[in-house]
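> All chains, please: the whole structure from these sequences, using the hints.
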Amino acid sequence: MLAQILVEFDRERRPLSSRELASRLGKDLAAVEGMLETLVRSGRLVELGLDGLCEQCPAHRLCIVLPFEGRRFYLVTREGRELPDEHGTCWED
Amino acid sequence: MTSPDTKPVFQIDYGPVIEPEIEDLRALIEERFELPDQIKSRWLALKVLEGETGVLEHLLGGEDARIVLERAHSIRSRLDAQIPEGLEIALADGRYERVGRIVEQSLTRPEEPARSRTEQADRIVTHPWLGIPIFMMVMYLVFSLVVNVSEPYLGWIEAVVSGPISNWAGALLSSIGASAWLHGLILEGAIAGVGGVLVFVPGLVVLFAFIGLLEDSGYLARVAFVMNRFLAFLGLSGKSFVPLILGFGCAVPGIYATRTLESRRDRLLTALLVPIMSCSARLPVYVVFGMAFFGRNADQVIWGLYSLGIAMAVLLGYFYSRTLLRSSESMAFLMELPSYRLPRPSNLWIHVSTRTGDFLRNAGTLILAASLVVWLLLNVPSSASRLEQSAFGKVSGFVAPVLEPAGFGTWEASGSLITGMVAKELVIATMTQIYLDEPGESEAESEIDPLQDLLDIGRGFIGATIHAGERFLDAITPGVQLFGGEGDAEEEGTALSFVLHDSFTPLSALAFIIFVSLYTPCMATLGAIRAEFGGRWALLSAVSQTGMAWLAATLIFQLGRLLGFS
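Chains as they are written, first to last, in my numbering: chain L, 1 to 93; chain G, 1 to 566.
If you're looking for bench data, these hints aren't it; they were derived computationally from the structure. Model, not experiment: these values are computed from the prediction. Think of the CB as a built atom: it goes at the ideal place given N, C-alpha and C, for glycine as much as any other residue. The reader is advised that the hints may include incorrect statements.
Claimed, not checked - Cross-link-like lysine to aspartate or glutamate pairs, in silico, EDC-like; alpha carbons within 16 Å at most:
| # | chain 1 | residue 1 | chain 2 | residue 2 |
| --- | --- | --- | --- | --- |
| 1 | G | LYS40 | G | GLU30 |
| 2 | L | LYS27 | G | GLU97 |
| 3 | G | LYS40 | G | GLU23 |
| 4 | L | LYS27 | G | GLU70 |
| 5 | G | LYS47 | G | ASP24 |
| 6 | G | LYS47 | G | GLU70 |
Stated by the list, open to error - Residues of chain G clear of chain L, computed beta-carbon distances all greater than 10 Å:
| # | residue |
| --- | --- |
| 7 | LEU325 |
| 8 | THR477 |
| 9 | VAL499 |
Printed below as a string of structure tokens:
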């Protein structure tokens with residue numbers, strides 16, 4: 001299941017929310033969040049918001065995206081973080 | 001010591017690639033160590049393979065531990081190369097698989113769980129046909145409360161700014177021997193300009209508080225859900241609703257919030273629509289004109305302007321999605337609807353104080369600076385006997401004929417709209433300077449009694465609060481007039497509201513506020529679009545919105561004249 005989650009991130013190449021993943025994999029949200037936390041602990045994912053990334057966004061104080069969409073995560077590849085550019089964008093083209 | 005023949009009841013199978021390696025390491029551990037009963041060799045082998053080498057060193061240590069660790073290291077390297085996701089993830093995955101199977105076998109889910117109150121409410125609030133009308137009614141109630149509750153405070157703040165504050169500033173300037181020129185700059189430029197905007201702070205506090213209430217109660221999430229179908233018409237998902245609703249407060253965070261959308265096309269289309277949502281900086285214009293020309297119906301007019309913004313966004317979005325920004329793919333919109341809950345005061349406070357703070361910061365910097373510049377331009381050359389002959393008047397007069405078909409082709413109106421291109425708050429700040437510019441009056445050396453002034457300010461605040469409470473009760477009991485009569489509204493409004501009657505008719509006033517609600521986004525918003533998508537998209541936003549605003553205002557004014565309105 002963890003491998004499947006990583007495959008989803010690798011395919012999408014963008015931040016995914018726990019809700020989106022739970023829906024895609026047909027699993028309970030709580031179970032998926034547990035798996036995501038395992039992946040965060042192992043350094044394979046990084047959570048948006050708690051990592052200080054949101055603080056770089058000019059709109060972070062007024063942003064209501066997190067309450068709407070729930071926790072969102074980024075993939076970290078073996079080569080290093082596949083993270084936003086230096087401007088702190090929260091997407092990847 | 002555990003014999004390999006006595007297989008424990010509970011053991012996870014990690015698959016044909018990993019299991020032999022675990023077994024190899026387990027055998028090596030058993031060969032090298034005499035383990036205490038409570039420590040299983042398989043568990044220790046797994047821990048070491050997962051990289052928790054400290055366990056082995058702590059428990060056993062010595063040369064034998066080094067040999068085991070070296071073997072574990074080589075196994076890890078081999079397996080990491082063989083398993084795409086890595087050994088650590090594969091081991092965790094094995095456990096999750098096992099947990100999943102146990103849950104599947106042991107958990108029985110009810111086929112149709114009992115509906116909670118939240119679900120019952122959602123059947124109505126998120127109904128395919130009722131959802132949007134309910135949202136429109138909620139917004140009407142919000143704007144009605146904003147106008148009614150904030151109105152009494154407008155007069156109070158205006159009286160404080162034009163009375164005690166202007167008097168104190170005038171006395172201070174006189175005491176330091178300031179020139180007449182400096183008196184004018186501070187009193188008519190800075191205080192009148194910034195004060196003209198500050199009077200709307202109570203209205204904005206009420207607006208932000210209600211939007212915060214809707215957000216914290218969980219209702220806005222429902223609206224996003226309801227809007228999903230609506231936005232699908234434009235080839236967007238309900239996700240775009242989040243930036244759009246932010247646009248009601250300020251378009252700039254709305255533009256940046258488009259970053260959460262997946263495709264560039266969705267981000268761009270949403271960013272072009274965000275500035276059409278009426279931001280809070282336009283509210284002062286609506287309130288002044290609403291109270292001046294539409295009395296008790298001001299709240300309906302303001303609600304209409306916000307609805308017009310949504311309707312025009314749909315029209316423009318439809319146009320873009322069929323021309324410049326076509327899309328064939330539809331994105332799924334997934335969101336969890338949180339349970340309804342009572343809003344937390346701390347959340348509301350953060351919501352209101354952050355947004356009000358931004359507005360006040362803007363008033364103390366940009367609006368102050370622009371007010372001073374406008375005052376200077378209104379007073380050069382010094383030989384000009386009338387404001388119309390000033391540099392500001394001449395430039396504004398040059399633009400005025402373009403606005404003639406829309407019914408407000410005066411230099412005063414066009415000048416206010418020009419400064420409003422920098423920030424929408426400046427429309428009212430400029431109008432206050434132009435229409436209420438009566439040199440000499442504010443400088444009248446009235447007796448200053450600070451204690452009496454403070455008492456008057458306190459009394460005024462209490463009176464405004466009582467009146468606001470009455471208006472609140474009136475607003476939430478439609479059709480029942482508990483306090484005040486019909487004529488009450490005629491006496492409300494700011495000083496600017498009254499003088500506008502000399503320059504606008506109700507029809508031209510309506511055309512003017514429609515123009516303000518739709519024309520070019522402010523500089524900060526255009527800067528955000530430029531930063532995110534490039535200069536040509538910012539230019540397109542400015543040109544398309546101004547063109548749309550001119551067309552809508554002209555259409556309303558000319559149609560109104562044809563129908564006999566004035």
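> Is the nearest CB of chain L more than 10 Å from the CB of THR477 of chain G?
Label holds. Min Cβ-Cβ 31 Å, cutoff 10 Å.
> Checking one constraint from the list: CA of LYS27 of chain L to CA of GLU70 of chain G, max 16 Å. Satisfied?
39 Å, violated
> What's the verdict on LYS40 of chain G and GLU23 of chain G, does the C-alpha distance respect the 16 Å limit or exceed it?
Satisfied, since the Cα-Cα distance of roughly 12 Å is no more than 16 Å.
> Regarding the assertion that LEU325 of chain G does not contact chain L, is the least Cβ-Cβ distance greater than 10 Å?
16 Å, holds
> For a C-alpha distance cap of 16 Å, please report whether LYS27 of chain L and GLU97 of chain G respect it.
Cα-Cα ~12 Å, so holds.
> Sort out whether GLU70 of chain G lies within 16 Å of LYS47 of chain G, counting only the CA atoms.
14 Å, holds
> For the pair we were handed, LYS40 of chain G and GLU30 of chain G, check the Cα-Cα distance against 16 Å.
10 Å, holds
> Would the least Cβ to Cβ distance between VAL499 of chain G and chain L come out above 10 Å?
At roughly 35 Å from the nearest Cβ of chain L, VAL499 of chain G sits farther out than 10 Å, so the non-interface label holds.
> Check the hint pairing LYS47 of chain G with ASP24 of chain G against an upper bound of 16 Å on the C-alpha distance.
Holds - the C-alpha atoms of ASP24 of chain G and LYS47 of chain G are around 14 Å apart, at most 16 Å.
Comparing the model with each numbered hint stated earlier shows that hint 4 is the single one that does not hold.
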